[in-house]
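Asks: As a plain string of letters, each chain reads:
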Amino acid sequence: DAKTTQPNSMESNEEEPVHLPCNHSTISGTDYIHWYRQLPSQGPEYVIHGLTSNVNNRMASLAIAEDRKSSTLILHRATLRDAAVYYCILRRGTYKYIFGTGTRLKVLA
Amino acid sequence: GAVVSQHPSWVICKSGTSVKIECRSLDFQATTMFWYRQFPKQSLMLMATSNEGSKATYEQGVEKDKFLINHASLTLSTLTVTSAHPEDSSFYICSARDPIGQEAFFGQGTRLTVV
Chain A
1 DAKTTQPNSM
11 ESNEEEPVHL
21 PCNHSTISGT
31 DYIHWYRQLP
41 SQGPEYVIHG
51 LTSNVNNRMA
61 SLAIAEDRKS
71 STLILHRATL
81 RDAAVYYCIL
91 RRGTYKYIFG
101 TGTRLKVLA
Chain B
110 GAVVSQHPSW
120 VICKSGTSVK
130 IECRSLDFQA
140 TTMFWYRQFP
150 KQSLMLMATS
160 NEGSKATYEQ
170 GVEKDKFLIN
180 HASLTLSTLT
190 VTSAHPEDSS
200 FYICSARDPI
210 GQEAFFGQGT
220 RLTVV
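Chain order of the listed sequences is A and B.
Sequential numbering from 1 applies to the first sequence in the working numbering.
Sequential numbering from 110 applies to the second sequence in the working numbering.
Hints are computed from structural coordinates only; laboratory data are not their basis.
None of these values were measured; they are calculated from a predicted model.
Even for Gly, the Cβ is constructed at its ideal location relative to N, Cα and C.
Any given hint could be a false lead.
One side only, chain B facing chain A, incomplete, derived with CB under 7 Å [as the list claims (entries may be wrong)]: (1) F143; (2) S152; (3) L153; (4) T158; (5) G162; (6) K164; (7) I202; (8) P208; (9) E212; (10) F215; (11) G216; (12) Q217.
FRET-style restraints, in silico, Cβ to Cβ [to be verified]: (13) P208/B / T30/A: 15 to 23 Å; (14) N8/A / I209/B: 16 to 24 Å; (15) K129/B / E45/A: 22 to 30 Å.
Okay, derived cross-link-like pairs now, DSSO-like style, lysine-lysine, Cα gap no bigger than 27 Å in a straight line [unchecked claim]: (16) K106/A / K150/B; (17) K175/B / K96/A; (18) K96/A / K69/A.
Here chain A stands alone, though its shape is the one from the complex (with noise of 0.2 Å):
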């Protein structure tokens, strides 16, 4: 399966943008990104996803490079109710995911 990097963690203060990288410089053609969240204690939560166009949904876009090496979930503005660690999953055919460490969002008041 390929594999995605992001960062650690990052902050954003409320109500401002916020934009979560994503590396997945070994996608193949077929691979679809699929983000994900999860809330402390709970399962993770389906954010979006998208194949080689930019999508959008109520709850973020998901922005995707070019060449597909790379993508940005974007908050348009982030609430305390959105810090929680937010999963980037490359999906080839199966629905069996393999989860990296994800990115832990810290939403300042």
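Keeping the supplied structure of chain A fixed, place chain B upon it in accordance with the hints.
Replies: Same frame as chain A, now just chain B:
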């Protein structure tokens, strides 16, 4: 959206006993479910793939005789931790694919504490 539910949310058991954790897909059928384990401050680690009507597929290093998986119906997979020991204390999480979308949904997790 699709909902995956686990039961119980937390359980405390004595060392040497067995504990069963249930994972249900509430509004869809799931031929395949996945079981993960997460230790404190660590990421999720895939344990096994649960297949409806057939044997589970275990990841390398996971003892199949210790972690018994049964997927007897299209909406229920169970994970039984047999002869539990304190080192089995962990957060166990299951997931299943949303048959309509292209994402997997996760249960809320089960916190197992073995004393």
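Asks: A separate judgement is required for each hint: does it hold in the structure or not?
Replies: For each hint, the structure was consulted:
1. F143: Cβ of F143/B sits 6 Å from chain A, so the hint holds.
2. S152: holds (5 Å)
3. L153: Holds, about 4 Å.
4. T158: holds (6 Å)
5. G162: violated (18 Å)
6. K164: For K164/B, the interface hint is violated, since the closest Cβ of chain A sits about 16 Å away, which is over 7 Å.
7. I202: holds (5 Å)
8. P208: Result: violated, 11 Å to nearest chain A Cβ.
9. E212: holds (5 Å)
10. F215: holds (4 Å)
11. G216: holds (5 Å)
12. Q217: Holds. Min distance 5 Å.
13. P208/B / T30/A: 15 to 23 Å: The hint (15 to 23 Å, Cβ to Cβ) holds, given that P208/B and T30/A are roughly 20 Å apart.
14. N8/A / I209/B: 16 to 24 Å: violated (35 Å)
15. K129/B / E45/A: 22 to 30 Å: 25 Å Cβ-Cβ, so the 22 to 30 Å window holds.
16. K106/A / K150/B: holds (15 Å)
17. K175/B / K96/A: Distance ~21 Å between K175/B and K96/A Cα, so the pair holds.
18. K96/A / K69/A: holds (21 Å)
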